[in-house]
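Undergrad: UniProt numbering applies: residue 1 is where the sequence shown begins, and numbers increase by one.
A couple of the hints might just be wrong.
Stated by the list, open to error - Computed cross-link-like contacts, DSSO-like style, restricted to lysine-lysine with a CA-CA straight-line distance of at most 27 Å:
no. : residue 1 : residue 2
1   : K162      : K116
2   : K44       : K137
3   : K137      : K162
4   : K43       : K162
5   : K151      : K116
6   : K34       : K150
7   : K116      : K150
8   : K162      : K34
9   : K150      : K137
10  : K34       : K151
11  : K162      : K44
What the hints assert, rightly or not - Here are the computed distance ranges between Cβ atoms for each label pair:
no. : residue 1 : residue 2 : range
12  : G139      : L118      : 16 to 26 Å
13  : N165      : T57       : 13 to 23 Å
14  : E163      : D122      : 19 to 29 Å
Hint data in this document are derived by calculation from the structure and do not stem from the laboratory.
As the structure is a computational prediction, the values presented were derived from the model and not from experiment.
All C-beta atoms in this analysis are idealised placements derived from N, C-alpha and C, irrespective of residue type, glycine included.
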Amino acid sequence: MLSPHGLIVGMALIDKHNQSQENYLSGLSGILVKSQQYHLLIKKERMLEIQTVQEMTRAIDDRRWLTGLIQYNGHVIPLIEISMLLNTQAYGSGLKDRQVIVVNSEIGIIGLLVEKVLGYRDFWTDDKALESIDENKTGIISHTLNYANKKISILSMSRLAKEINQ
Numbered sequence: 001m002l003s004p005h006g007l008i009v010g011m012a013l014i015d016k017h018n019q020s021q022e023n024y025l026s027g028l029s030g031i032l033v034k035s036q037q038y039h040l041l042i043k044k045e046r047m048l049e050i051q052t053v054q055e056m057t058r059a060i061d062d063r064r065w066l067t068g069l070i071q072y073n074g075h076v077i078p079l080i081e082i083s084m085l086l087n088t089q090a091y092g093s094g095l096k097d098r099q100v101i102v103v104n105s106e107i108g109i110i111g112l113l114v115e116k117v118l119g120y121r122d123f124w125t126d127d128k129a130l131e132s133i134d135e136n137k138t139g140i141i142s143h144t145l146n147y148a149n150k151k152i153s154i155l156s157m158s159r160l161a162k163e164i165n166q
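Build out the structure end to end from the sequences listed, making use of the hints.
TA: This is the structure we're talking about:
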């Protein structure tokens, strides 16, 4: 039998856990990018830098999403074609006019090749333009926001790491 103190502590822990689950999507901040038909939100906690590709070493690999290797702060990191992981075609114009989002993932620092950076954005669940939040069970997208008649997909770094390691 639990003491009254133990019961109160247990209830507080359960309440804290429930609040953290509810607040997961209460406020999201990050960089909004475009890759093919997708609008992706990359959470600010994962962001390291936005850069253009100056030089790249082409990768000779059977993984179609691995575009090549680039330099970042004196380290060589993989450059990943995000549209290929989203099961769409690669962006046709090569590297010209494209940007790299350097992120910290579960497998280390990687570069995500995107079509366009749309800017920094905050999303709040009490925003009237937010129509719905849908959880995705598969793929590299964790949730999809229906915001002001647009679908914005939240990129899951843990799922991205699993996909890359397969």
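Undergrad: Could you run down the list of hints and mark each one as holding or not?
TA: Hints and how they fare:
About 25 Å separates the Cα atoms of K162 and K116, which keeps this hinted pair within 27 Å; it holds. Distance restraint check for K44 and K137: the Cα-Cα separation of roughly 22 Å lies within the 27 Å cut-off, and the hinted pair is therefore satisfied. Between the alpha carbons of K137 and K162 the distance comes to roughly 14 Å, so the proposed pair stays at or under 27 Å and holds. Taking the CA atoms of K43 and K162, the gap is near 18 Å; set against the 27 Å cutoff, the hint holds.
For the given pair, K151 sits about 16 Å from K116 by alpha-carbon distance, which is consistent with the 27 Å threshold. Between K34 and K150 the CA atoms are separated by roughly 12 Å; this keeps the pair inside 27 Å, and the hint holds. The hinted pair formed by K116 and K150 meets the criterion: a straight-line CA distance of about 16 Å does not exceed 27 Å. Restraint check: the Cα-Cα separation between K162 and K34 comes to about 22 Å, which is no more than 27 Å; the hinted pair holds.
Note on K150 and K137: the hinted pairing holds, with a Cα-Cα distance of about 20 Å set against a maximum of 27 Å. In summary, the hint linking K34 to K151 is supported, as the alpha carbons are separated by about 11 Å, within the 27 Å threshold. The straight-line distance between the Cα atoms of K162 and K44 is roughly 20 Å, inside the 27 Å bound, and the hint therefore holds. One distance hint, 16 to 26 Å for the beta-carbon pair G139 and L118, holds here, with the actual separation near 21 Å.
A C-beta distance of roughly 21 Å is found between N165 and T57, which places it inside the suggested range of 13 to 23 Å. A hinted range of 19 to 29 Å for the beta carbons of E163 and D122 is consistent with their spacing of about 27 Å.
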